[in-house]
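*Asks:* Starting from the structure of chain S, add chain U where the hints point.
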Amino acid sequence: MIFQLDKMQKQIRKAVVDFVRGEFKKDLVDDLVRAKVYPEKIWKKSSELGFPGIAFPEESHGEGLGAFEKTIIAEELCRGDSSVGACLAQAGYGAEILLQYGSGSQKGAWLPKIAAAQILCTVAVAEPGGVTVATTQTAAVRDGDHWKIDGHKTFVRNAGSLAGMYIVLCRTDANAIAPEQGLSLILVEADRAGIHVSDSGARLGQRQIPAGEVRFDSVCVPMDNLIGKENQGIRQLGDFLNHARLSTAAQSLGIAQGAFDRAFAYVQQREQFRKKIIDFQVTRHKLADLATEIEAARLLTYQAAWAVDNDRADARLCAMAKMHAARTAVAVCDEAIQLLGGYGYMQEYEVERFFRDAKTADIIDGSRNAQKDVIIDALIGKK
Amino acid sequence: MDYKISEEFNVFRTTIKDFVGQELEPISLQVEEANEIPEPIMDRIRELGLFGMPIPKEYGGLGLSTLEEVMIYEEITRTNACFRSRIGTSNGIGSMGILCDGTDEQKRKYLPRIASGEWTTAFALTEPDAGSDAANIRTSAVVDGDFWILNGTKQFITNAECAQLFTTIAVTDEVKRARGGVTAFIVEKDMPGISVGPADIKMGLKGSHTHEVIFSDCRVPKENVIGGASMVGKGFSTAMRVLDKGRLSMGACALGGSQKILELCIDRVHQRMDRGETTADLQAVHFALADMAIQVHAARQMLHHAAVKRDRGENVTLEASMIKVFATEMASRIASNAMDIFETDGLLTKNRIEMFLRDVRLYRIYEGTSEIQRLIISRGLLDLKRTGK
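Just so you know, the sequences run in chain order S and U. Numbering-wise, my numbering puts 7 at position 7 of the first sequence, and it's gapless, one number per residue. Numbering-wise, my numbering puts 703 at position 320 of the second sequence, and it's gapless, one number per residue.
DSS-like mimics (lysine-lysine), calculated; alpha carbons at most 30 Å apart, straight line:
1. U/K768 / S/K275
2. U/K628 / S/K275
3. U/K492 / U/K572
4. S/K44 / S/K10
5. S/K36 / U/K733
6. U/K617 / S/K275
7. U/K768 / S/K286
8. U/K559 / S/K276
9. U/K559 / S/K275
10. S/K276 / U/K768
11. S/K372 / U/K733
12. U/K617 / S/K276
13. S/K10 / S/K41
14. S/K25 / S/K44
Read the hints as simulated data drawn from the structure, not as lab findings.
Next up, chain S with everything else stripped away, as it sits in the complex (with noise of 0.2 Å):
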């Protein structure tokens, strides 16, 4: 075991550093939070980095690198802002289906605008109701050579003008005696005609990620567009989930440091009582534990996606990332507000705002408890 990035690796984080040191201007930052707009000229100069195509191979225009330099390249940016990192860690959110069951013209189409920072990506899974992903009702009916698809999915990030196009979970089989088995993942281009977008509305966090309601009326899309073989979408789902898992784990990670960062150097400065409030035990021992924390989280989601990149994708391992650097970044941005006082309260002072982010990331890609599910029914060899 080599608990050490390696030159290259090392290279890409410093890259990164470099980035959110030159792009990441709190005025800028600060304007865009406020109109809560997409930071899209950040976003387009990360693809001069490489960084929405670091995992795709390089004939998808991508930089043929892996899960572990994903990971690290999240986590330096959401802690150069947990709102601006979000945007561009998720920009890509989906990618990995297409990469690892898209067609070759799939792929061919989609990629390099992805990598391009062209479009965002988007997955279109849950449905309003408390519809389970497995008693899902949006439904893909033959018709003549396409796909017609009626239905209504929920809270789809990346939604609305600068989508691409939507990978959408359909009912293709409305007959499986296992209502599971009966689902499929279809690639629905943003500009078809039937597509109406909603947005979410006011939230608790990542504001600056569209998020909207998506309904699609008899939406049709050419046979192609299945993605992989047909009623797989549970399974292609679910290899999908180990990637953003693994990424909201990175976010987190980065989240939970870049709080950790902005109240360690607020305590060392700011002066109460006639000394600086990191001269207080109390303060000390905190910010021990939360250090503590950070470092296990760190370690946890570099192993799971070190298990990605050789071909151990593993959901145990990514669901106890996810789980483990989510609540860590939730306890840590907390703390930070209360070493702040009265100025953590203060949106000016920005860890509030990486708190909602990281309570965020503790509820996408499945809460505390969906991820527990996962891992046990991983301990116990459930299939």
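*Replies:* Okay, now just chain U, sitting in the frame of chain S:
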């Protein structure tokens, strides 16, 4: 333990409960989004006498006991926290100095219009370099004939924009400072030399505003020293006493919000079960509800017990600190657990939970951080004042 409340109060409490449910809840999201409480609602709050809760009847208030007051706060905080903030700051820390230490003339002059809500008050203690270390304040007050001249900057002052009166804490003796050199003043908004900065942009508590307040050669008449000339230099203990009483109210606020969140979670679990999730599917969530209920129950007993003790005239300084820590930390935990139960829906403001999460967060910071409370409690336990350690 059931503490006796009068039938008259019970009717009042029901009136407020209905007011919250029927008039505040329906505009909750609007207030959150607009970051403003509509003036007609402020008028309703005045009509109901809420601005005068702790103020004695002889001054036009409701003369509620501590227990009665905390019970009303438990009701008002079942929605956006801003309503309580506007009311409770005004009839609490903003005016408690006058109520506890004011001269009869000051009480007669100011309390009636505070009780009616005609005037809103604010408490101007905190400064950029004096947060937890309140004794580190720099705002100075110097005598000039029949006036005191105030100079300094106060920060994070709730109600500053809409307040007509500031209970202002300033240094009157640079050598003695907190030990006999700090004085509490009644500063009226239209006295020359006061300016209020723009509203701070906060994590939550939308609808309630905090501002910087700058005193620049502000001329305050000598009669406006709280408690009169004999109280010059004794303002620090006034300030501490004001905060002390506020801690029980803070506990009530945290409790009210927590109770509401618990109820929303119970409804949510019923919904999930109606849609087919079984008890087995939801066992972890069921246990989470149990944990919430246990803490809420404990907090309520602590709070009501201390309120009744205070009404009997006993000192509840330690208990007030304990309740503040316990209930406010509980509220944050419960709000976070509620987010987990609501899952993605919990992220959306329209489903209320995330608003509560942001609103209750400040409770652990203002009116004495949890860390300050732990200092107060541990010093009390170890009797440090007496042993001089």
